Amino acid sequence: MQYLRDIPRPELERRLAGDGVSLTVGPYRFNLKSNLAKVSEGLRKLYADFPLAEADDYIDFPVAIRSTGPLSRPRGKSEFSFEHQRPFGFVPTPQAFAFLEWGMNWCLSAHTNEYLKLHSAVVARDGGAIVMPGVPGAGKSTLCAALGLRGWRILSDEHALLQPGTTDVISACRPVSLKNESIDVIKRFEPDAVFGPESHDTHKGTVAHMKADLAPDSHNTAPLPARMMLFPRYSATDPQRISVRRRTQSFILAAYHSFNYSLMGEAGFDAMRTLIDGVQCYDLVYRDLDWAIQNIGELHTKACRQ
Amino acid sequence: MDNQRTHEPTPVWHLERMGRIYDCGEDTVIYFDTRSGDTHLITLFAAFLLESLAGRSLTLQQIEAVAAEDTNPDDMEALGPAIIESLDTLVDLDIVERL
Numbered sequence: 163m164q165y166l167r168d169i170p171r172p173e174l175e176r177r178l179a180g181d182g183v184s185l186t187v188g189p190y191r192f193n194l195k196s197n198l199a200k201v202s203e204g205l206r207k208l209y210a211d212f213p214l215a216e217a218d219d220y221i222d223f224p225v226a227i228r229s230t231g232p233l234s235r236p237r238g239k240s241e242f243s244f245e246h247q248r249p250f251g252f253v254p255t256p257q258a259f260a261f262l263e264w265g266m267n268w269c270l271s272a273h274t275n276e277y278l279k280l281h282s283a284v285v286a287r288d289g290g291a292i293v294m295p296g297v298p299g300a301g302k303s304t305l306c307a308a309l310g311l312r313g314w315r316i317l318s319d320e321h322a323l324l325q326p327g328t329t330d331v332i333s334a335c336r337p338v339s340l341k342n343e344s345i346d347v348i349k350r351f352e353p354d355a356v357f358g359p360e361s362h363d364t365h366k367g368t369v370a371h372m373k374a375d376l377a378p379d380s381h382n383t384a385p386l387p388a389r390m391m392l393f394p395r396y397s398a399t400d401p402q403r404i405s406v407r408r409r410t411q412s413f414i415l416a417a418y419h420s421f422n423y424s425l426m427g428e429a430g431f432d433a434m435r436t437l438i439d440g441v442q443c444y445d446l447v448y449r450d451l452d453w454a455i456q457n458i459g460e461l462h463t464k465a466c467r468q
Numbered sequence: 533m534d535n536q537r538t539h540e541p542t543p544v545w546h547l548e549r550m551g552r553i554y555d556c557g558e559d560t561v562i563y564f565d566t567r568s569g570d571t572h573l574i575t576l577f578a579a580f581l582l583e584s585l586a587g588r589s590l591t592l593q594q595i596e597a598v599a600a601e602d603t604n605p606d607d608m609e610a611l612g613p614a615i616i617e618s619l620d621t622l623v624d625l626d627i628v629e630r631l
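Those protein sequence lines, which keep their order, are chains E and H. Start counting the first sequence at 163; every next residue gets the next number (my numbering). Start counting the second sequence at 533; every next residue gets the next number (my numbering).
So that you can see chain H by itself, here it is in the shape it has in the complex (with noise of 0.2 Å):
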């Protein structure tokens, strides 16, 4: 079984299209999926973590590495974490896709 884990590829992430947000200064944006035609209420990281997928697929460590450029160095240790977290909320809304 250990074996068979190591063999597990790396997970990666997918946008296949960025929609359209509107961002009115508040800390949570609009996201219009133009796939799905879909309206949801992200908040403002997980509005920056389409960005950065738009169009491509990335591991965590390649999400990190493009946040990190962003981040307070205060705040890296959260990094993690809170883009697993948001990662997995715009998986269950079907916009970003877990490959």
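Isolated chain E, as found in the complex (with noise of 0.2 Å):
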């Protein structure tokens, strides 16, 4: 198998500015095209480890981010497309890496029903999953790259990809999106963190990219049972407390974070209710990162031996 680190940074460039370079991401392939400096610099930095596709793989997502024409490139400004959609219209190129982000993540949001997909980061250890859905905002990202870089695997920060029937998620795992403050909460959590370029002045402010493919086996696919589902929201004034959650609450606020449970129909139903059914379901408010580590790792100790 090869690895994007395995293409030279001068073949690398060239082959973004052509026919792209494919990445296995998950269950999905993506096909990425780019003639700017700065996506290949985040991709070299955040996607070496990432497998690349086989020659004759189906590429579920062919995407591209690219500056062209004799008006927006003169002008710094760069497009994201998926075949002919084009989502975003024109952004700012020193945003690019950003939007490529975004727009992968649009992708999956969008594109693919055969999972229950949960606007939520996923985390896992010794062999569960802990899924920990949220508003952009609540703090999961960083919680999630906080718990990466002690020990946890990432299995997203953005999406949770069910299996119906069962309460098996899999593993869709890319760089975890940080948006300002936490930027630094994280740098100072632990400086060899490694980050893409920074992206100023977004609508949400400024935005970097975390490498969280940071386990052995983080570009594994096969399915994990998830334990728990944790909301969690950061509060800098709140009393720190994790508490159990009603099922039936978290049955609602879990569709309400899904990208397609109306989409799913009954189906969506059935598979929410299952894995509502086999998770112990948890509020979690925090504002120290330690603290918050400790207590997720002692109660998905105990919900895994259950």
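Treat each hint with caution, since some may be false.
Have a look at the derived ranges for each label pair, beta carbon to beta carbon [to be verified]: (1) R552(H) x W453(E): 54 to 62 Å; (2) G557(H) x R350(E): 42 to 50 Å; (3) T621(H) x Q164(E): 55 to 63 Å; (4) E343(E) x G587(H): 37 to 45 Å; (5) E548(H) x G440(E): 26 to 34 Å; (6) Y418(E) x G557(H): 18 to 26 Å.
Hints are computed from structural coordinates only; laboratory data are not their basis. The structure presented is a predicted model; accordingly, all values stated were derived computationally and were not measured. Beta carbons: idealized from backbone N, C-alpha and C, even for Gly.
With the hints in hand, could you dock these two chains into one complex?
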């Protein structure tokens, strides 16, 4: 098996600008094209250990982020595309890497329905996974990054892919997206964390992505049973706590955080019911990452024994 | 006017098709409306009313009679208002029709 790191830098740039580079991301294959140095730099840092797709693999998502055309290029504009769709229009070229990541998220969110998909981080340890849904800004990605840096396997900071009829999650590991203060929080938390290019002044503020495939089995797509569903919320002022969350409330909130629950209709209801029946549900309010990691670890160990 | 009122038909509540219920032992349940595809968090009592109404139309009196069978005699006075409140909620959620 070949990895992105096996491609020398000049060849990577040449391939990105030409036919593209095809990567395996969880159960999917992306073909990436770009003529932007910042994108190539970000890929080299954050996707170095991603397996390359085989030549005859089906490509689920041929995507590109390019600056082309006599007007857009001099004006510093680029455009993300997936086949003929351009969901973001023209974006500032210095933000291209962030938009590539958001575009890849959009591909998964909007175009796949074989799994029940929750807007959720997923981490795993000892053969069991924790699903952590959360609205943007709840602190799920920060917590996910911190857990990953303390030995947990990151399956995703954005998409929980759940196999209907089971509690199994499938990894779609990609870099963790951090915003604003969270970037420095994680850099202080682990100075050796690897970051890609920062994108400033985006609609979410400053965004940077952290290398997430830190575990030896990061790209293993074998299903892992979810043991817990945890709804994290960062608060600088509220007391830190982990408390049991009612299953019915968890069901409704998880459905709210799903990309395709409604689309799946009754199959979505059945899939969610199986998930909620099979996991313990908790609310987590945290401000200290070490405290959160310790307490999550203890709960997870208990949940895995049950 | 009074004459007209006396001739108003007695309202009935109707549930065309029972949806799916997920009851995990709490005092609320999840109701999946298979007609609309909407998911609701409803009380156990509302779920009981839905099961009573499934596929038929009942008057308030008939619903009260069904509910009375499972109601503690001490709670009988509160039964009528509780039924009306729950039915109003179910009508607002477009689960039940008031005809």
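So, going through the hints one by one against the coordinates:
1. For the hinted restraint 54 to 62 Å between R552(H) and W453(E), the CB-CB distance of approximately 40 Å leaves it violated.
2. At roughly 44 Å, the beta carbons of G557(H) and R350(E) sit within the given window of 42 to 50 Å.
3. In this structure the hint that T621(H) and Q164(E) lie 55 to 63 Å apart at CB holds, the actual value being about 59 Å.
4. Distance hint for E343(E) and G587(H): a CB-CB separation of about 56 Å, inconsistent with the stated range 37 to 45 Å.
5. The hinted range of 26 to 34 Å is satisfied by E548(H) and G440(E), whose Cβ atoms lie roughly 32 Å apart.
6. Evaluation of the 18 to 26 Å hint for Y418(E) and G557(H) yields a pass: the beta carbon distance comes to about 22 Å.
Violated hints, in rising order: 1 and 4; the structure is consistent with all others.
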